[in-house]
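There are 2 protein chains.
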Amino acid sequence: MASDASITFEQPCPIRDVLDRIGDKWSLLVLEALEPEAKRFHILMRELGDISKQMLSRTLRKLEQDGYVHRTVFAEVPPRVEYKLTSQGRSFLEPMKSLVAWADKHHAGIVMARDRFTESAPA
Amino acid sequence: MASDASITFEQPCPIRDVLDRIGDKWSLLVLEALEPEAKRFHILMRELGDISKQMLSRTLRKLEQDGYVHRTVFAEVPPRVEYKLTSQGRSFLEPMKSLVAWADKHHAGIVMARDRFTESAPA
DNA sequence: CTGAATCCTCAAGGATACTG
DNA sequence: CAGTATCCTTGAGGATTCAG
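These protein sequence lines map, in sequence, to chains V and G. Numbering-wise (UniProt numbering), the first sequence opens with residue 1 and increments by one. Numbering-wise (UniProt numbering), the second sequence opens with residue 1 and increments by one.
One or more of the hints may lead you astray.
All copies of an identical chain are treated as equivalent in the list; a pair is satisfied when it fits inside any one copy or across any two copies.
Claimed, not checked - Mimicking SDA-like on lysine to any residue, the simulated pairs with C-alpha atoms at most 25 angstroms apart in a straight line are:
1) LYS39 x PHE117
2) LYS84 x ALA113
3) LYS62 x SER120
4) LYS84 x SER57
5) LYS84 x VAL111
6) LYS25 x LEU99
To be clear, the hints were calculated from the coordinates, so they are not data collected in a lab.
Modelling step: build the complete structure from the supplied sequences, incorporating the hints.
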């Protein structure tokens, strides 16, 4: 069942595979929202503010699929579902935080460079 | 000329802005290709293998615009253009490397989790 | 050699309505 | 409450052609 009859060249570079999935519009935000504690669906909706149910659902599923998030369904009425980081999810946030810190520090400069560039080479 | 008449809410989060631009298909690859040394356009084409002129051009321009890469034009015949990392570009690669290392280490597990998930919840 | 301009395709993102 | 199904729009990615 391993189904590795032949090596494919789809993902020559792990970081690309990871970034392709986590580098979308919401994944990182969701992971960060879940970092302090497990949260329910509608709570995530509220905290993320401008995300739609559709996108949150898709994002959570992808994160669950790749093993960043664990989904727990409580057989209650009304339904309750909690999402929490897996150890892999927490592990991922560590190096990611360095990057976030870098972005915080350099963002102003980037925006300035961008503006300068745009001004000297308009439309 | 500052053109900051009003504060906009476009980029509430620096990391999102950075990832939106660097998290595309080629930017990171280009930065890594430029890390050891400055390189010419067609050299980058060759090293990246499956990138088109179009995309390489766009990617380089975006990276130049955001201040990761410096572009040097030599007034020669035939034209020669070299790209090299700026200090910001090199600086960026530092935290990025932690992430790359993380991806290398966890990629196999992610792929496995993904496959397992797909098998238990097919089409 | 280095790119810009044009055109095309496909999938990410999203609004909305429906379901268990 | 927590989703899924459907439909739509936009833009990233890419092949090709033209230009300096």
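These are the hints, each one checked on the structure:
1. In this assembly of identical chains, the alpha carbons of LYS39 and PHE117 lie at most 25 angstroms apart only when taken from different copies (22 angstroms versus 42 angstroms within one copy).
2. For the homomeric pair LYS84 and ALA113, the shortest alpha-carbon distance between copies (16 angstroms) is at most 25 angstroms, but the shortest distance inside one copy (38 angstroms) is not.
3. For the identical chains of this complex, LYS62 and SER120 are inter-copy neighbours only, at 14 angstroms across copies versus 41 angstroms inside a copy, given an alpha-carbon limit of 25 angstroms.
4. Taking the shortest alpha-carbon separations for LYS84 and SER57, only the intra-copy value of 14 angstroms comes in at or below 25 angstroms, while the best inter-copy value is 41 angstroms.
5. In this assembly of identical chains, the alpha carbons of LYS84 and VAL111 lie at most 25 angstroms apart only when taken from different copies (20 angstroms versus 34 angstroms within one copy).
6. When the C-alpha separation of LYS25 and LEU99 is checked against a cutoff of 25 angstroms, the pair qualifies both within a copy, at 16 angstroms, and between copies, at 18 angstroms.
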